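Student: Use the sequences and the hints to build the structure in full.
Per my numbering, the sequence shown runs over residues 82 to 246.
Please keep in mind that the hints were generated in silico from the structure rather than gathered at the bench. Hints may contain errors.
[To be verified] Derived SDA-like pairs (lysine to any residue); straight-line CA-CA distance at most 25 Å:
| no. | residue 1 | residue 2 |
| --- | --- | --- |
| 1 | K212 | V133 |
| 2 | K95 | I84 |
| 3 | K212 | S173 |
| 4 | K95 | A82 |
| 5 | K212 | G159 |
| 6 | K212 | D175 |
| 7 | K212 | S158 |
| 8 | K83 | F115 |
| 9 | K212 | T154 |
| 10 | K212 | L177 |
| 11 | K212 | D194 |
| 12 | K212 | L176 |
| 13 | K83 | E96 |
| 14 | K212 | A114 |
| 15 | K212 | A153 |
| 16 | K212 | Y197 |
| 17 | K212 | V180 |
| 18 | K95 | E108 |
| 19 | K83 | E94 |
| 20 | K212 | A157 |
| 21 | K212 | N136 |
| 22 | K212 | R156 |
| 23 | K212 | E135 |
| 24 | K212 | V174 |
| 25 | K212 | P195 |
| 26 | K212 | E163 |
| 27 | K212 | P198 |
| 28 | K212 | V191 |
| 29 | K212 | F115 |
| 30 | K212 | D196 |
| 31 | K212 | E164 |
| 32 | K212 | G150 |
| 33 | K212 | H116 |
| 34 | K95 | A85 |
| 35 | K212 | P192 |
| 36 | K95 | P107 |
[Said to hold, decoys possible] Derived CB-CB ranges, DEER-like:
| no. | residue 1 | residue 2 | range |
| --- | --- | --- | --- |
| 37 | A105 | L176 | 40 to 50 Å |
| 38 | R125 | S173 | 17 to 27 Å |
| 39 | L176 | A113 | 18 to 28 Å |
| 40 | D208 | S173 | 24 to 34 Å |
Nothing here was measured: the structure is a model prediction, and the numbers come from that model. A virtual CB, placed ideally from N, CA and C, is assigned to each residue, including glycine.
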Amino acid sequence: AKIAELDLLTEEEKEQILGAFNPAQPEAAPAAAFHRLFEEQAERTPEAEAVVYENVRLTYAELNVRANGLAATLRASGIGREEIVGILAERSVDLLVAVLAVWKAGGAYVPLDPDYPADRVRFMLEDSGAKVLLTQTFRCCHWSCGSRWLTKIRRFPSPWALFSR
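Tutor: Put into structure tokens, the structure is as follows:
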């Protein structure tokens, strides 16, 4: 007989290894969207620090309020389920607010590095099918001047501006 054909374990040993050592796992709950989990955490611990970046600190409640406000404005601007939003922002608390807001509005985001040349950013926006570009207000002049892709600007509550095709 070949070695592969030999039974090295008794039936009891096989049962112990397969059953006792590896009990059946309870069925996992469906995965929740990150922004929903974040909202639950914000309800449980509203005054706890959620984010610290440089000298800026926000509690879960403050971060949630900012993200909800921007999400409402995004929805009012036509951003909804599976719409793509380009986010051009420096690393900051505002960047986190923008990402959460896009998710809360139902969209997806494309992160865009502010150090990229304008032509590269335009290509990435067009290639991704982004409907709008969300950027920090101090970057507005860079995007409102001479861009064929961006034909309309909507001013958002500080520190954001929204450009659309």
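Student: Work down the list of hints and note, for each, if the structure agrees.
Tutor: Going down the list of hints, with the structure as the test:
1. A distance of roughly 30 Å separates the Cα atoms of K212 and V133; the hinted pair therefore is violated under the 25 Å criterion.
2. Between K95 and I84 the CA atoms are separated by roughly 18 Å; this keeps the pair inside 25 Å, and the hint holds.
3. For the suggested pair K212 and S173, the alpha carbons sit about 23 Å apart, so the restraint of at most 25 Å is met.
4. Annotation: proposed proximity of K95 to A82 holds, straight-line Cα distance about 21 Å (limit 25 Å).
5. Between K212 and G159, the direct Cα distance comes to roughly 9 Å. Compliance with the 25 Å bound is thereby established for this hinted pair.
6. As the CA atoms of K212 and D175 are separated by approximately 20 Å, the hinted pair is consistent with the 25 Å bound.
7. A distance of roughly 10 Å separates the Cα atoms of K212 and S158; the hinted pair therefore holds under the 25 Å criterion.
8. A threshold of 25 Å between alpha carbons decides the hint, and for K83 with F115 the separation of about 53 Å lies outside it, so the pair is violated.
9. With a C-alpha separation of about 15 Å, the suggested pair K212 and T154 falls inside the 25 Å cut-off, and the hint holds.
10. Under the criterion of a C-alpha separation no larger than 25 Å, the hint pairing K212 with L177 is consistent with the structure, at around 20 Å.
11. Between K212 and D194, the direct Cα distance comes to roughly 18 Å. Compliance with the 25 Å bound is thereby established for this hinted pair.
12. Pair hint K212 plus L176 holds up; C-alpha atoms about 18 Å apart against a cutoff of 25 Å.
13. Pair hint K83 plus E96 holds up; C-alpha atoms about 24 Å apart against a cutoff of 25 Å.
14. Of the pairs offered as hints, the one joining K212 and A114 holds, with about 22 Å between alpha carbons and a cut-off of 25 Å not exceeded.
15. In summary, the hint linking K212 to A153 is supported, as the alpha carbons are separated by about 16 Å, within the 25 Å threshold.
16. Between K212 and Y197 the alpha-carbon distance is near 19 Å, which keeps this suggested pair within the 25 Å criterion.
17. Using a Cα cut-off of 25 Å, the hinted pair K212 and V180 holds, with the two alpha carbons roughly 15 Å apart.
18. With a C-alpha separation of about 24 Å, the suggested pairing of K95 with E108 holds against the 25 Å cut-off.
19. For the hint linking K83 to E94, the alpha-carbon distance of about 21 Å falls within 25 Å, and the restraint holds.
20. A C-alpha spacing of about 14 Å is found between K212 and A157, which places the hinted pair at or below 25 Å, so the restraint holds.
21. This hinted pair does not check out: K212 and N136 have alpha carbons roughly 33 Å apart, beyond 25 Å.
22. Taken as a hint, the K212 and R156 pair is honoured in the structure, with Cα atoms around 12 Å apart against an allowance of 25 Å.
23. Between K212 and E135 the CA atoms are separated by roughly 32 Å; this puts the pair beyond 25 Å, and the hint is violated.
24. Between K212 and V174 the CA atoms are separated by roughly 23 Å; this keeps the pair inside 25 Å, and the hint holds.
25. Annotation: proposed proximity of K212 to P195 holds, straight-line Cα distance about 18 Å (limit 25 Å).
26. Taking the CA atoms of K212 and E163, the gap is near 10 Å; set against the 25 Å cutoff, the hint holds.
27. At roughly 20 Å between alpha-carbon atoms, K212 and P198 fall within 25 Å of each other, so this suggested pair holds.
28. A threshold of 25 Å between alpha carbons decides the hint, and for K212 with V191 the separation of about 11 Å falls inside it, so the pair holds.
29. The hinted pair formed by K212 and F115 meets the criterion: a straight-line CA distance of about 22 Å does not exceed 25 Å.
30. Note on K212 and D196: the hinted pairing holds, with a Cα-Cα distance of about 21 Å set against a maximum of 25 Å.
31. For the hint pairing K212 with E164, the CA-to-CA distance comes to about 7 Å; that is within 25 Å, so the pair holds.
32. This hinted pair checks out: K212 and G150 have alpha carbons roughly 19 Å apart, not beyond 25 Å.
33. Between K212 and H116 the alpha-carbon distance is near 21 Å, which keeps this suggested pair within the 25 Å criterion.
34. For the suggested pair K95 and A85, the alpha carbons sit about 16 Å apart, so the restraint of at most 25 Å is met.
35. Simply put, K212 and P192 have alpha-carbon atoms about 14 Å apart, close enough for the 25 Å limit, and the pair holds.
36. Annotation: proposed proximity of K95 to P107 holds, straight-line Cα distance about 22 Å (limit 25 Å).
37. A C-beta distance of roughly 43 Å is found between A105 and L176, which places it inside the suggested range of 40 to 50 Å.
38. At roughly 26 Å, the beta carbons of R125 and S173 sit within the given window of 17 to 27 Å.
39. A hinted range of 18 to 28 Å holds for the C-beta pair L176 and A113, which are about 23 Å apart.
40. With their beta carbons about 26 Å apart, D208 and S173 fall inside the hinted range of 24 to 34 Å.
Figure legend: structure checked against the earlier numbered hints; hints not met, in rising order: 1, 8, 21, 23.
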